[in-house]
Amino acid sequence: MANVADSLAPSSAARQVFPPRSARHVLGADWQLGWLLVGPVVLLVSAIIIYPFIDAILLSFQERFIGKSGTWVGLANYAALLSGDSIPWAKAALTTLVITGGAIAIKFVIGTAMACVLNQDIPLRNVFRGMMLLPWAVPAVVSAYVWRFMFDTTGPINGAIANFGLLDDYLYFFNDARLALPALIMVLVWAGTPFWTLNLLAGMQAISHELYEAAEIDGASTWQRFLNITLPSLQSVIIVTALLSTIWTSANLTPIFVLTNGGPNNATMTLPLLSYFVAIPGHQLGAGAAIAMTMVPFYLILVLLLTRRMLRQDS
Amino acid sequence: MAVATAAPRFRWLARRRATIQTQRRTIGRGWVIATYVALVFFVLWTIVPFIWMALASVKTNKEIYDDFTIVPRTLYFGHYVTLMGGKFAIWLRNSAIVSIAATTISISLGALGAYALTRLRFSGRRVVALGLVFTYLVPQALLFIPLFQVVAGMGLSDTLGGLILVYPTITLPFCTWLLMSYFKSIPVELEDAALIDGCSRIGVLLRIVLPLSTPAIVVVALFSFTQAWNEFLYALVITNSISTRTVTVGLTQMLGEDVFYWGQMMAGALITAVPPVLMYILAQRLVIKGLVVGGVKG
Numbered sequence: 011m012a013n014v015a016d017s018l019a020p021s022s023a024a025r026q027v028f029p030p031r032s033a034r035h036v037l038g039a040d041w042q043l044g045w046l047l048v049g050p051v052v053l054l055v056s057a058i059i060i061y062p063f064i065d066a067i068l069l070s071f072q073e074r075f076i077g078k079s080g081t082w083v084g085l086a087n088y089a090a091l092l093s094g095d096s097i098p099w100a101k102a103a104l105t106t107l108v109i110t111g112g113a114i115a116i117k118f119v120i121g122t123a124m125a126c127v128l129n130q131d132i133p134l135r136n137v138f139r140g141m142m143l144l145p146w147a148v149p150a151v152v153s154a155y156v157w158r159f160m161f162d163t164t165g166p167i168n169g170a171i172a173n174f175g176l177l178d179d180y181l182y183f184f185n186d187a188r189l190a191l192p193a194l195i196m197v198l199v200w201a202g203t204p205f206w207t208l209n210l211l212a213g214m215q216a217i218s219h220e221l222y223e224a225a226e227i228d229g230a231s232t233w234q235r236f237l238n239i240t241l242p243s244l245q246s247v248i249i250v251t252a253l254l255s256t257i258w259t260s261a262n263l264t265p266i267f268v269l270t271n272g273g274p275n276n277a278t279m280t281l282p283l284l285s286y287f288v289a290i291p292g293h294q295l296g297a298g299a300a301i302a303m304t305m306v307p308f309y310l311i312l313v314l315l316l317t318r319r320m321l322r323q324d325s
Numbered sequence: 259m260a261v262a263t264a265a266p267r268f269r270w271l272a273r274r275r276a277t278i279q280t281q282r283r284t285i286g287r288g289w290v291i292a293t294y295v296a297l298v299f300f301v302l303w304t305i306v307p308f309i310w311m312a313l314a315s316v317k318t319n320k321e322i323y324d325d326f327t328i329v330p331r332t333l334y335f336g337h338y339v340t341l342m343g344g345k346f347a348i349w350l351r352n353s354a355i356v357s358i359a360a361t362t363i364s365i366s367l368g369a370l371g372a373y374a375l376t377r378l379r380f381s382g383r384r385v386v387a388l389g390l391v392f393t394y395l396v397p398q399a400l401l402f403i404p405l406f407q408v409v410a411g412m413g414l415s416d417t418l419g420g421l422i423l424v425y426p427t428i429t430l431p432f433c434t435w436l437l438m439s440y441f442k443s444i445p446v447e448l449e450d451a452a453l454i455d456g457c458s459r460i461g462v463l464l465r466i467v468l469p470l471s472t473p474a475i476v477v478v479a480l481f482s483f484t485q486a487w488n489e490f491l492y493a494l495v496i497t498n499s500i501s502t503r504t505v506t507v508g509l510t511q512m513l514g515e516d517v518f519y520w521g522q523m524m525a526g527a528l529i530t531a532v533p534p535v536l537m538y539i540l541a542q543r544l545v546i547k548g549l550v551v552g553g554v555k556g
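Protein chains in written order, with our numbering: chain A, 11 to 325; chain B, 259 to 556.
For the record, the hints were derived by calculation from the structure and aren't laboratory data. It should be emphasised that the depicted structure is a prediction, and the values quoted were computed from it without experimental measurement. Hints should not be assumed to be uniformly reliable.
Beta-carbon label-pair distances, calculated as ranges [as the list claims (entries may be wrong)]:
(1) Phe75(A) - Ser499(B): 45 to 53 Å
(2) Leu53(A) - Leu536(B): 31 to 39 Å
(3) Leu53(A) - Val339(B): 40 to 48 Å
(4) Leu321(A) - Trp303(B): 30 to 38 Å
All C-beta atoms, glycine included, are put in the ideal place defined by N, C-alpha and C.
Model the full structure from these sequences, guided by the hints.
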């Protein structure tokens, strides 16, 4: 089939110039057109993702201020991070882990519950399905903004507190570290759960009904069926979703930027946000890049786990 | 039965009752109640912030700051008027330009690349496909510092051109990857038949693959637009004057002052959320109609 196709392709005349077969043997039957079509993608991706990534690695070994040329300082940027004198790197790393871990765990629980509900035969199911995915569709800036208002002294939460006289004073969510961190995690959960719901729901719909019927005949309770059929069947969906969600939650500085700006007293400062503050308002591109680079080993592990799984599913 | 014959319009109710009864049998009465309790909770949890935003955007300042009314007594559109009379309209326009341009670039390059990667045989194909997955997963947080330099080096700092250049980092691998999985679902026999009939590869792409894929391309374009529209970090880093901001960055600049103009800010947040939500609904329609997945099944 391929030979017929190739002999009819317009470029076949040009190909005769090369020794027949050998070039095509090495490079593949359609190498000219293939690279012509895929070339622009490869070029653009190299220019705006691969090159900048390598540049970031090099930058992390330089002292470089915005608008100035850099000088090589070896590992000095990293040493400064670990010594913790000027940049609270260790605290930010811990905060990143706490926020990401907390948000992922809660998203998993709520997302599973939400998917279970939406998988039942409830009235207006499609309307509810669409509605619950809304927080995922709106920009992160908008969701963070709306929640900042919800938590504000003029917002409904403090309004209820004042109205029912629950507390003596308003709750200043973002001025108190003990409140800011949970409030932030709650917003991340609100915005990120739909992604879990979507994936888990799709996974649940793919589970065969016969499994449930067989279990029911065997006298398994609803809870047992959930534990022994639903969860195990969703294992690979859960792992892929958890990996993606971990990458995106830990790297996304937008909600934190809008809600707390890293405060109070760096209680919600994560590594990406710290990297931004050091590099852009702080003008220290090299030190900022070094902070970003300290996250790379973590992402590398996640991405490798993820691509291995995705490719296995593909083939 | 009596219900159904007596009043046909309540037939759905009888049907509903029947499904609830079978449900009760399979998951138990307690779980059915739990399902509905959870449903109510999830609906409120999802929708209350949106409702609060919409209500605040049509309240007067007095209602927001002094009276603490929940439902506004009258619809006050002053916040929208002030907003659209100011810089906000320019930010909206900037976001639209950048998102449309980035989407157009990503879709046109992505469609050609995806076709080559799924249908043509050439060395390096697998490496490129794998590279796309990797590059899609590189978080923006790792790229914004060097991209800031790239854009500055090209003299595109603080321009929409700079944003159009960097936004494909988010949209291009994503579009190419999604289109690849769609092209894989189109039966290769269609293309082989056209090739035998004397159609060229480019002809196959233009006359068969692209027309068949139009709904999929539309959906991918909608998602790509949404991602570009929602983008915040690159726009924050690359633009810094009022006239080049995108709407997401513009919104956060309203937070700077000591007094928060919540009415205006919520009106702005609502307007910003409308395009992605519309696109999302439209994309969902296309997906549900089966236009996208398996358009040529059977």
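Query raised in the report: Going back to the hint list, which numbers does this structure go against?
Result: The structure conflicts with hint 1 only, although it agrees with all the remaining ones.
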